[in-house]
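Engineer: Chain order of the listed sequences is U and X. In terms of the numbering used here, the first sequence opens at residue 3 and continues consecutively. In terms of the numbering used here, the second sequence opens at residue 926 and continues consecutively.
Warning: the hint list may mix true and false statements.
Partial list, derived from the structure: chain U residues whose beta carbon lies under 10 Å from chain X [to be verified]:
id, residue
1, VAL47
2, GLY55
3, ALA105
4, VAL112
5, ILE256
Label pairs and their computed distance ranges (CB to CB) [unchecked claim]:
id, chain 1, residue 1, chain 2, residue 2, range
6, X, ASP1018, U, GLY71, 33 to 39 Å
7, X, VAL932, U, ARG79, 39 to 45 Å
8, U, GLY292, X, ASP1018, 32 to 38 Å
9, X, MET945, U, TYR464, 48 to 54 Å
10, X, GLY1013, U, GLY336, 29 to 35 Å
11, U, SER306, X, VAL938, 51 to 57 Å
12, U, ARG150, X, ASP929, 44 to 50 Å
13, U, ASP297, X, GLY1013, 37 to 43 Å
14, X, VAL938, U, ALA113, 31 to 37 Å
15, X, LYS1016, U, GLU401, 40 to 46 Å
16, U, GLN185, X, LYS1016, 55 to 61 Å
17, U, ALA113, X, MET945, 36 to 42 Å
Derived list of chain X stretches under chain U, where covered just means 3 residues or more per stretch with a C-beta under 8 Å from a C-beta of chain U [said to hold, decoys possible]:
id, region
18, 929 to 937
19, 943 to 952
20, 961 to 971
21, 976 to 984
22, 998 to 1005
23, 1010 to 1018
Bear in mind the hints are in silico, worked out from the structure with no lab data behind them. Just so it is clear, CB atoms sit at the ideal spot from N, CA and C, and this is done for glycine as well.
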Amino acid sequence: MTQTWVQIAYLASAVLFIVGLKNLSSPRTAPRGNGIAAIGMLVAVVATLVSAGVLDWEWMLAGVIVGSGLGTLAARRVKMTAMPEMVALLNGFGGAASALVAAAVLEDHVAKGVPPVDVVAIATVLGTLIGAVTFTGSLVAFAKLAERMPTAPITYPGQQVVNALIALGITVLCVILAVDPLQLDLYWGLMAAALVLGVLVVIPIGGADMPVVIALLNSYSGLAACATGFVLGNSGLVISGSLVGASGIILSKIMCDAMNRSLANVLFGAFGSAPAASAASSGPQGTVKGYTPEDAAVIFSNASSCIVVPGYGMAVAQAQHAVRDLGDLLEAKGIRVRFAIHPVAGRMPGHMNVLLAEANVPYDRLVEMDEINPEFPATDVALVIGANDVVNPSARSEEGSPIYGMPILDVDRAQHVFVIKRSMNPGFAGVQNPLFFNDNTMMIFGDAKSVVLQLVEAIKAY
Amino acid sequence: MLDDPAVALTILVLSLFVGMEVISKVPPLLHTPLMSGSNAISGITIVGALIAVATPGPVISTVFGFLAIVFATINVVGGFLVTDRMLGMFKRDKGSS
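Model the full structure from these sequences, guided by the hints.
Structural biologist: Encoded structure:
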């Protein structure tokens, strides 16, 4: 196959990726879109193999077999609640692959004593840097999400200074290597520093902010692939890498907006330590009355509409199937049931939708925040399960609150609000929630799953 | 291939715009599959890994290339399969049309 044909094949695969992503705009066409993108990948791989010839095919075959086996196993086994960990890990592997390709190309140039041209030298350095940071950063994000290390921000005195010094050192190494790339000692020094930097920039970020971090690392893994495209002079990699880069940037922005925080604040803020603790002690006080599922059943007997607001607490309690049963029961009683999904519900963008889809909740009952908010005043019952900060009305009204300005679900405007909660402990942001003290709010304390099961029994018995 | 860096840069900038356009049309409902799916696409670096192994050179380059193939293939295969598994769970209400 001539070079022109290979390039056309890469173009075809890039087009297939774009068409595939376009099909993700609706859940009906999405499975097809994913398939189209997979075919695009196959086209790119086959074109590469054909043009590269059969040299060292044993290595290629072995690599592909090992990778496919591990990938298939992981994709089949992973639990839907663990999807953020899975994506973090896959991001990291993508970054590692890009850094390794850059290293392989440079070692090749050094062995032959031929320096790469300027643009390739710069791309090699950047590919190594972004790839290595993505790799270790994703591993830390994985460990935090899987709770294999403390999820709280890890901070120490002089942290910003240390990070800044490493970043400065990396910048100097990058410039030297871009000018004269054939210095392997410096190159591996850069690799090591980038690997360390990846760890250091993610450890001060708290578990609650990991959705932003994964989205950002997703973007980096794309940009690393892009840099690899420049290293190899391959337009296919440049196009595909930048598509992913754009995707990660958009998702990071959506997540930041949903928390009303800037990206800089998420990355460098070490949120949730000192200011939030003081806020927890102030805020509304008062007595909260606990109600029983039987009390709730009485209200439900007169209701005609219900909006369920699920939070990650629901998934932690593995209550999504019980919630689906409750929804079905209410529907059977003629009550309209919908689910209000806050953009940061769950632990990664869109996570809550996947968890409910797994529990067979039809996706047309899952409604986005902006669409459902005007509907709360005309709704009889809002049922909050394991959510807290995303339904806190002080985000609307209290200017001093740490979560002021964050978009929330207006559950307090519904006729009746049930809140199923384990205890009165504040949420991630450490802020007390005035919703719990409202006259139209009924708190039902207990584990989400057992309370929902009791609620189902109580409604059946009523 | 891309001998002129300006051409590659042009491609990069234009594809970023295409990416922004296409991705912003994906509803929040599907943001998790979007992440795992685009993740699989970033495994395109497998092409680079295959080329690195295929290019005659020192053993160390082949070893790095091999490792890159393993990582990238996990990314590609795992990403597309898990996305397919997730998307298969999204069902419409039987009652509505």
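Engineer: Evaluate each hint against the coordinates.
Structural biologist: Right, here's what the structure says about each hint:
Evaluation of the VAL47(U) hint against chain X yields a held restraint, the C-beta minimum of about 6 Å falling below 10 Å. Hint on GLY55(U) holds. Least Cβ distance to chain X is approximately 7 Å, under the 10 Å limit. Interface hint at ALA105(U): satisfied, since its Cβ lies 5 Å from the closest Cβ of chain X, which is below the 10 Å cut-off. Interface hint status for VAL112(U): upheld, as the beta-carbon distance to the closest one in chain X is roughly 8 Å, under 10 Å.
Hint status for ILE256(U): holds, given a least beta-carbon distance of 7 Å to chain X, under 10 Å. Range check, ASP1018(X) to GLY71(U): Cβ separation about 38 Å, and the 33 to 39 Å hint holds. At about 43 Å, the beta-carbon gap between VAL932(X) and ARG79(U) stays in the expected band of 39 to 45 Å. With their beta carbons about 34 Å apart, GLY292(U) and ASP1018(X) fall inside the hinted range of 32 to 38 Å.
A hinted range of 48 to 54 Å holds for the C-beta pair MET945(X) and TYR464(U), which are about 52 Å apart. Checked against the given bound of 29 to 35 Å, the beta carbons of GLY1013(X) and GLY336(U), roughly 31 Å apart, stay inside it. With their beta carbons about 53 Å apart, SER306(U) and VAL938(X) fall inside the hinted range of 51 to 57 Å. In this structure the hint that ARG150(U) and ASP929(X) lie 44 to 50 Å apart at CB holds, the actual value being about 47 Å.
Evaluation of the 37 to 43 Å hint for ASP297(U) and GLY1013(X) yields a pass: the beta carbon distance comes to about 39 Å. Our hint of 31 to 37 Å for VAL938(X) and ALA113(U) holds, since their Cβ atoms are close to 34 Å apart. Checking the proposed 40 to 46 Å range against LYS1016(X) and GLU401(U) shows it holds: the Cβ atoms sit about 43 Å from each other. Distance hint for GLN185(U) and LYS1016(X): a CB-CB separation of about 57 Å, consistent with the stated range 55 to 61 Å.
In this structure, ALA113(U) and MET945(X) meet the distance hint of 36 to 42 Å, their C-beta atoms being roughly 40 Å apart. For a cut-off of 8 Å, the count of residues in the region 929 to 937 of chain X with a CB near a CB of chain U stands at 4, and the three-residue condition holds. A stretch counts as covered by a chain when three or more of its residues have a beta carbon under 8 Å from one of that chain; for the region 943 to 952 of chain X and chain U the count is 9, and the coverage holds. Chain U is given as covering the region 961 to 971 of chain X, and this holds because 11 residues of the stretch bring a CB closer than 8 Å to a CB of that chain, at least three being needed.
Check on the region 976 to 984 of chain X: 8 of its residues sit with their Cβ under 8 Å from a Cβ of chain U, so the three-residue criterion for coverage holds. Coverage of the region 998 to 1005 of chain X by chain U holds. Counting CB-CB distances below 8 Å, 8 residues qualify, and the rule asks for three or more. Check result for the region 1010 to 1018 of chain X against chain U: holds, 9 residues qualifying (beta carbon to beta carbon below 8 Å, three or more required).
Hint compliance for this structure: no hint is broken.
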